[in-house]
Every structure is written in C-alpha cells, then in structure tokens.
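Asks: Each of the two chains sits in its own frame; use the hints to bring them together as a complex.
As a plain string of letters, each chain reads:
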Amino acid sequence: MSLQLSVRDVTKRFKTGEGVTGISLDVTKGELVTLLGPSGCGKTTVLRSIGGFLKPDSGDILIEGRSVVALPPEKRPTSMVFQSYNLWPHMTVYENLAFGLKIRKLPKAQIREAVADALRLVQLPNSEKKLPGQLSGGQQQRVALARSLLLKPAVLLLDEPFSALDAKLRQEMREELREIQTQTGLTMVFVTHDQEEALALSDRIVVMNHGHIEQAAAPRHIYDRPSTLFVARFIGKMNFLEGVVEGSGIRVGPFVLPNEDRIEGETLVGVRPEDVILKAAEAGEGMKGLIKQIMVLGHYAEISVELEGGGTVRSFQPKDAVRELTAGQQVAVAFTKSIAYPKIGDN
Amino acid sequence: MGWYFRAVGTRRIVEFLLLTAFVAFFAGPLLNLAVLAFSGQWSYPDLLPHQWSLKWWSFVLSKDDIAKSIGLSFLIAAIVTALSIVICIPAAYAFARIRFPLKRFFLFSFLLTHAFPKMGLYVSIAVLFYRLGLMNTLLGVVLIHMINVLMFMTWIPTAAFRNVHAAQEESARDVGATPFRVFRSITLPMAMPGILVASVFTFLNSLDEAQGTFLVGIPDYKTMPIVMYSIISDFPSSAGAVFSIILTAPTILLLLAAQRLVSADVMASGFQVK
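Sequence lines, in order, name chains S and H. FYI, the numbering for the first sequence is 1 to 347, going by full-length UniProt numbering. FYI, the numbering for the second sequence is 1 to 274, going by full-length UniProt numbering.
Rather than coming from a laboratory, the hints here were simulated on the basis of the structure. Where is the CB? At the ideal position from N, CA and C, for every residue including glycine. Any given hint could turn out to be false.
Claimed, not checked - Okay, the calculated beta carbon distance ranges per label pair:
(1) S:K129 to H:L132: 50 to 58 Å
(2) H:S233 to S:K129: 58 to 66 Å
(3) H:A94 to S:F316: 55 to 63 Å
(4) H:T20 to S:D166: 42 to 50 Å
(5) S:Q171 to H:T20: 55 to 63 Å
(6) S:E18 to H:E15: 54 to 62 Å
(7) S:L131 to H:L47: 40 to 48 Å
(8) H:T178 to S:D117: 25 to 33 Å
(9) S:K237 to H:E15: 31 to 39 Å
(10) S:L131 to H:E15: 54 to 62 Å
(11) S:A109 to H:L138: 49 to 57 Å
(12) H:L253 to S:T11: 57 to 65 Å
(13) H:T178 to S:Q123: 30 to 38 Å
So that you can see chain H by itself, here it is in the shape it has in the complex (with noise of 0.2 Å):
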C-alpha cells in the first residue's frame, strides 16, 4: 500500500483530503435533505430511512396556502425584478457615465441598507409603512424587497456599463447612430450579461425575503419562506425538506443559467467602487 502513496505524491493526497471534505460539508447536508424529502419512516441510527414514500410531497402540493404561497412569492419576485431594472438601469447608467459631484457618496450609500441590522431597518420602515397605509399591501411587500437588491441592481449594471467604452460608442455615433440607437444597439447589448445577473440576483434575493416580508406582509401576503417557518414548527422535518427542495430548485435553475451567460469576474467586478 505504501508505495502506492509514494507514487501518489503528498500533494495529490492532501487535494483528494481537501476535496473529499468539501463534497462532504457541501453536499452532504443536501443529500441529507433529498433523501429525507423522500422518506416516510427514518429514525436515528439507521443510515437509511426505514420506508420510503411520496407521503410529504402530496402532503405539502395538497395544502392549499402552500401552492398559493408558491404562486404568490414568483409574481412577487417578478415584479421585483422588473420594478428594479426600470428603476436601477438608468440609475447605473448614469453612475457609470455622467459626471456628477458626490457620485461616490451615492454609489456607496447603496451599501447603506446592508450595513444595519435587518430587523432593525425592517421596524423602523414598518414605522413608516403603518402611516402610508402600506402594511399588508404587495406595494409595501415589494418596496422591502426592493431594499435588499438596490446595492446588486445598480452597483452589477454600473460596471457592466463602465466596461463598455468611450470609443465604442462613439463610433456608433460616427457611423450615423442617433444616441438613443447607439444605447440600444451597442451599450445595452454589451452590458447585458452584467444586467441579467444582477436580475437573476434580484430574482433569488425577492424569492427569498423572509424578514421583511413578515413583519409587512402577515396576513394576507404570506410567501414560501413564510409558510415554511410555519411548516418546519408545525410538521415533521421532512415536509420542511420537501419545502426547501421546492424552494430551492428555481434558485439552482436561475443560477445554473446565469453561469452559463457570465463569468465570475463580471461578477466580481460588479463590486469595484471607482
């Protein structure tokens, strides 16, 4: 065995060490979690559930406030979305252009938000909130969860935008392009990839929002992660699983695309502040 390790190398061995931690630590917790959304029967020192079963799925997709949760948090998220880009677009647009006095203040006061303590930001919104009528509405819902993704949505298109040249679009300009169609044309498209993930970002983070959303929206806008504080308190953990996994997937599908559209360091270098 010994000469196996030898011809091996330290190095080799510490990296396959390394890895297997990693797979353990990172995976084993979801395979944990797959495999006890399926369970019907698991108790404790077994490494296999007794008796497997569907159980909790039909459990969970039967309950009503479930699937309107489901419905209700994907409209939410997508008016985030899209309430964020109208709004944070021209915002980074002009951060990444116009100059303007302060402008470093600004770009940064968006980190504002990210600086306090949640809850503490969320009570004294509510505050507020409760004398423009705007608890328990999808208005004031959606406005807490634009609070979150203001700093990804402006700072990710901000430099998306800076990366697309003085020159470039100065050449539309010279070919005959009016400003509108060379925004259009040539800057949009050439910091797309920057916008989309800052959206795929804002998608995740509204998808998400469990604090906020509490404290504004109970009763009426109650949204996945909502009802599932409530689950995991209420039911065994495995309809808290099946929930996650359902929770989960559009996060895995979402960041599986934007990978696909970026690479990391457009990411990254959503968050130099010049």
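In isolation and in its complexed conformation, chain S is listed as follows (with noise of 0.2 Å):
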C-alpha cells in the first residue's frame, strides 16, 4: 500500500501556548484516519495544517511524496468540509458545486455531469436550484461534502463535519461517509471529539492530547489495549481501581492481576464494564460490593457497584441477566480482563 499522505514531525505553537509539537503520521492510499482528543488538544491545528490554512513552526507535509507545506490552500490537492458554514449562501446547489471546477475551466456539460454524479452520491439527487438556506442541516453537510468529492482530492479533511447535526442524523451520515469512502476508495483524514463516532468509522485512530499524540492504532487495539492512562479514561467506559505491586502482580484487593509492563510503585487498574462479573456474594471469591443502583439502557443494564473498600464499579450486563439483581443486594466482583498503568501525578 502506498504512503498517501506523511505528517511529519511538524510542530505549531499559537501565542496563547496551545498547539502541536513534534507530530508524525503517515496515512495510506484509501484509508480512513480519524484524530480524536478533547478540545484543544492540537487535532484541528493538524488538519488546518495539512489543508494549508495553518503555516507550521517546522517539519514537513507531504501528499503522495511531494512536500506540500509551502503551498496554499487553493494549490493542494486536499479538500475540506468544515464544520458548519460551509456553502455560500448567495449561489445555488449548483453554483456552490460548480464553483470549484468553473475555476479548473472544465468544460460545461462535464460540469453539469460532475454535479449531479455528485449529489446522487450523497442521496441528494435534482436539488441543483435550491439555495442553500432552503435545506436542513444534514442536507447543507451533505452538499458540502459533495463539492469536495466533486474535487477527487488525494486527502480529503474533515473537521468535526457532523458535530452539528442530532444524535440520530449523525448516526446516518456516518453510515454514509463509511459507504462512500469504500464507494471512493478515497484517502480520508477526519477530526472529531467524539469517541463513539471515531471507533464507528474509522481504520485507525490517532488519539491526541495536550498538542501530542495518545496512541494510534485500529479502532479495537485503541478500545482494548489502550497505550496510557488518558486513552483508556477517554475511549469508552472504564473503572479505575487502585493496586500495589506485588511480586510479579499487582494486588487489588483479592487478586492479584498480571503485571504485563512491569510497572512499580502505585498503579491503576482499568477494567471494562463489560469485563466486571457480577456473582452472588455467598459464591466468597471477589470484591464484596453492595448494588447501588440499575440502568437499564436498551439491550443491556448498567449497574454500579459500591465496594466495601471504597470506590464504585460499573458493570454492563445483559438486560436478562439483571432480573434477579436489585438495589441494595450484597454482591461479589470479579474482572476477566484488565489492564494497569502506572499512577501519575493527581490521578
């Protein structure tokens, strides 16, 4: 597979101290590559970069092996759908579409070809005339990434394109992208906060912290071996109960759990709620806990333990399986799978 897209080293720093330093990331022919971080941590400085809205302190771009980091924006073979604002408001579908190929000077028929292929793509077929203001939200994102389809770049951006829209339509427009991506076999760059939306669509994710990189890796490397304590805090849910080192484990409470990365001193230990088992408390082995409360949250129950040593653990269980379980019952806990990091600073 060939190197589409090569971040490299690049670092930028903005006079209120927020920015990237040191990033490198290389992005192979046709796949998706999600960065995801809360607000601030540098995922947006990195995507404006690569679109040539930002210049960087130093290091080197480079798209299908040419160095594009001297370049503007208009001269990269990159497009971007923003987040909102997107279309310009005075043109119509069409105008909006065929702006970016008038400036190419394609002749007109190809144009008007172009337009509609593209918005057959993205489900909007015959809304040429309309104006922007005369569709919703979904739509107007829609056209949006139309027009940068339209564009066959080599690297297409995405910048929080659905963050906008309801809960249930973003659901829909990421099914989309998904289907137009593997429809397209384009290259895709894509910047979000949300976890959710990072492991439902992407090859691999690249989680971003304080202007540096977390962890990249493939969605279900990132859920279960997650590389430091901030990615294992911000993909998915996690329990986090305190050990101590002990002989070649790590003692939490009855257990002693394996100690993969030999870590010393103080340690937390993440569990999944998914990998906490919920037994009768007369079973003896486990964590003693008393029920303190049960979610039920469509397929399956959340329920949170309170242990008698301190501290709650969320355990995610069939909806069926909590029927005998109620609030206040005295349970015991135990974990199939964990996973231990050294205890930082506050943490």
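Replies: Have a look at this one:
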C-alpha cells in the first residue's frame, strides 16, 4: 500500500500556548484516519496544517510523496469539509458545487454531469436549483461533502463535519460517509471529539492530548489495549481501581492481576464495565460490594456497585441477567480482563 | 353602538386609535405638502384650496438656477458615493478581518464627527479649507459631504463583512480560488446588501446636506437644499412645497429600493461596535 499522506515532525505553537509539537503521522491510500481528542488538544491544528490554512513552525507535510508545506490551500490536492458555514448562501447548490470546477476551467457539460453524479452520491439528486438556506443542516453538510468529493482530492479532510447535527442524523451521516469511502476509495482524515464516532468510522484512530499523539492504532486495539491512562479514560467507559505491585503481579483487593508492563510503585488498574462479573455474595470469591443503582439502557443494563473497600465499579450486563438483582443487594465482583497503568500525578 | 365596541375589545380599539394618531402625524404633513404644491390660492379657514394650479411647478422648473442645482446635487451625491465606496469598503474589510491594535478605538472614532455641533466643526474645517484653497470648489463640497457619511460607509459594510464566516472564505480557497477570487466571488457578493444600504444612505445624505455646503460651496456650488432655503424665504410657501416634493422623490425611491434588498436587522447590525 502506498503512502498517501505523511506528516513529519510538525510543530505549530500559538501565542496562547496551545498548539502541537512533533506530530508525525502516515496515512496510506484509501485509509480513513481519525484524529480524536478533547477540545484544545491540537487535532484541528493538524488538520488545518494539512489543508494549508495554518503554516507549521517546523516539520514537513507530504502528499503523494510531494511536499505541500509551502503551498497555499488553493494549490493543495486536499479538500476540506468544515464544521459549519461551508456553503455560500448567495449561490444555488449547483453554483456551490460548480465553483471549484469552473476555476479548473472544465467544459460546462462535464461540470453539469459531475455535479449531478456527486449529488446522487450524497443522496440529494435534483437539488441543483435550491439555495443553501432552503436545505436542512444535514443536507447542507451533504452538499459540502459532495463539493469536496467532486474535486477528487488526494486527501479529504473533515473537521467535525457532523457535530452540529442531532444524534440520529449524525449516525446516518457516519454510515453514509463510510459507504462513500468504500465506493470512492478516498483517503480521509477525520477530526472529532466524539470517541463513539471515531470508533465507528475509522480504520485507524489517532488519540491526541495536549498537542501530542497519545496512541495511534486500529479502533479495536485502542479499545482493548489503550496504551496510556489518558487513552483509557477517553475511549469508552472504564473502571479504575487502585493497585499495589506485589511480586510479579498487582494486588487489587483479593486478586493478583498480571503486571505485563512491569510497572513499579502505585498503579491504577482499568477494567471495562463489560469485563466485570457479578456473582452472588455467598460464592465467596471476589470483592464484596452493594448494588447502588441499576439502569437499563436498551439491550444492556449498567449496574453500579459500591465496594466495601471504597470506590464504585460499573458493570454492563445483558438486560435479562439483571432480573434477579435489586438495589441494595450484596454481590461479589470479579474481572475477566484488566490493564494496569502507573499512577501519575493527581490521577 | 356599545355592543359593537365590546365585541371588538379594548385592545383593538387602542390599537386603532394609535394607528390613527400615527397616520395623522406622519401622513398629515406630507398630505398638506402635496396639496400645497398644487394650490393656486389657499386661505386659512378653508380645508382645500380655492384654486388648483400647476403654476408653482412651472415657476420652479422654469428657474434656471433651480434646474442647475438639481443636476449639481445629483452629480455631487454620485461623486461622494463613489469616492466613499472606494475609501471605506477596504477600510471596512480591514476592520472586519484584520486584527490590529486600537481597532475598536479607530472604529469608534468615526462617530466623532457626529459628536460635535456640526456648525462648529464646519467652521473649523472652513478655516483649513481657506488655507488649502478648497473654498468654493467641487472638491471642498465633496469632502464636506464625505465627513458626514464616513460612519455609515464604514460601520455598515464592516458588519456585513463580519457576517461572512471565515469557513466560507476558507472553503472557497480550498476548492481552488485565489484570495482575490474569493473576495470577488464570495465575500463581496455576500456583503453586497450591507454595502448597498450604506451607499443609499450616503447618496441621500449628500443630497440633503445644506449646512456644510452653504459654508464651503457658496457662491458657485448651490445644491438643492441651499436653493430651497432662498426659495422658502423669497417666495410663497407653495414654491417651497413643490421643491421639497422634488427633493423627497429620489429619497423615497432609493429607500424603497434599499428596503427590497435588505431587512431592517441588516441595517441595525451595522451599528454594533464589537
């Protein structure tokens, strides 16, 4: 697989102190990579640097092996879909889409055909004559997406394109984008702060925090083996228990868990709620606790258990399995899987 | 009768009275003006003139300096509008897009010319104009007019440019437009309603300006409002009425045109200092 986009040691610092330092990232052709992180982590800075809207202080950006770092946005083979205000309200949908092609001096018949094709791809056929003001928010984002697709960019950049839409529409747009990606084979870089969106969409997730990359891996890997405490906290839900290194393992309550990373000193042990098992208290084994709350969330239920030694553990159980459980009941808690992190600072 | 008012309701009655008062105060003087302009003889207790006539129209239109003043006024207004577009639109774009120190202060300073009594300001400008040899010149009159409209011409377009979002300009760059093309095809058309409103204001303001013109332009540059002063003092009020209708017509036409272009809130948003 050939390298489509290569970000090499890019640093961009703003006067406010925010920015990114030493970002390196390779994206292969046809890959959908998500930059994920809380606001202010620098994900948009990276995206805007690729698009040409920011000039990095140092580092290089290569697209299809060619350095683009000195080029203005209009000369870069990238196209960006913004969070909002993508469209020009004084132009019809057709004019919005045709603008870029007209600049490229394509013949009129060809433009008309390309616009119609792009609108079909985003499921808005025959809406050429409408004005952006007559479209809903979701439709506007689709038109914006179509405009970018039309230009057949080497890399398509998406800056939280669905975050202004409501939850249901967001989900639909995600699926559509994924489908368009398989149809067109476009290379995409997608910025989001929504970890669920990142997990659902990406071939690879790059988790960012405070201007650097915490972890870059496939969604599954990121979910199962978050490499830092930050990633573990940010992606999905996670229980954290204090642990003490004891011999070759880590002791948490009655359990000794494996210490794969050879951590020393105080540790925090992360357990996904779906890896928490609840047993009857009489079974003896496990950490004792009282059920504090049971919330049925559709096909599963979230049960929070207050441990005797202090702290709360959340567990996901199939909704049928919680019929016998009631709040206030005593249970024993055990884990099927865990991952340990060194305890740092005030964590 | 009583049942009728009860059925209508107090609220509607109050509304009707307010509307009537508004129409009487607003349209009454205009109606009076219109009647006056077409009257030959009209003495006090009568509701309508004794005699209808167009004689003041032919009088006003036959006077040479009046016809000349109309032409001059429109010429000056056109020059003032064109010049202030050339000067103020780039300034407005800078105020809307570029960060520079004391920006708010500069934007606010445009209000200063409206903060002093006009006559005082004009007299001090006249002193300056004497030295520069600008008294009784077209340029002098145009400059005096522009002082009045700088605020409209900067504030309203600034707000209009601000309403064009950065993402809208950036996405145009993104699809391949050069910065100049972005300004021409995206930013300027999107800000055009605001710019048009400001231009209409400027044009009307210039047509209407009398004090400064009187001070700087006399004796050679007699615009419509200045000629009107002398007509009002020298001839019966009917002549003044005819003239003010001539003076009002372009105002009403332009305002109607402006109203079709933009809503009131676009105009209002021009006066926010952010």
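Asks: Does each hint hold? Answer for all of them.
Replies: Evaluated hints:
For K129 of chain S and L132 of chain H, the Cβ-Cβ distance of about 57 Å falls inside the hinted range of 50 to 58 Å, so the restraint holds. Distance hint check for S233 of chain H and K129 of chain S: the Cβ-Cβ separation is about 60 Å, which falls inside the suggested range of 58 to 66 Å. Separation of A94 of chain H from F316 of chain S is about 57 Å and conforms to the stated range, judged on CB atoms against 55 to 63 Å. Checked against the given bound of 42 to 50 Å, the beta carbons of T20 of chain H and D166 of chain S, roughly 49 Å apart, stay inside it.
Roughly 58 Å separates the CB atoms of Q171 of chain S and T20 of chain H, a value that falls within the hinted 55 to 63 Å. The beta-carbon spacing between E18 of chain S and E15 of chain H, approximately 56 Å, falls within the hinted interval of 54 to 62 Å. Look at L131 of chain S against L47 of chain H: about 53 Å separates their beta carbons, and that is not inside 40 to 48 Å. T178 of chain H and D117 of chain S have their C-beta atoms about 27 Å apart, which keeps the hinted 25 to 33 Å range intact.
Against the hinted window of 31 to 39 Å, the Cβ-Cβ separation of K237 of chain S and E15 of chain H comes to about 60 Å, which falls outside the hint. Roughly 36 Å separates the CB atoms of L131 of chain S and E15 of chain H, a value that falls outside the hinted 54 to 62 Å. Range check, A109 of chain S to L138 of chain H: about 53 Å between beta-carbon atoms, so the 49 to 57 Å window is met. For the pair L253 of chain H and T11 of chain S, the beta carbons lie near 60 Å from each other, so the given range of 57 to 65 Å is met.
Remark: the range hint 30 to 38 Å for T178 of chain H to Q123 of chain S is upheld by a beta-carbon distance near 33 Å.
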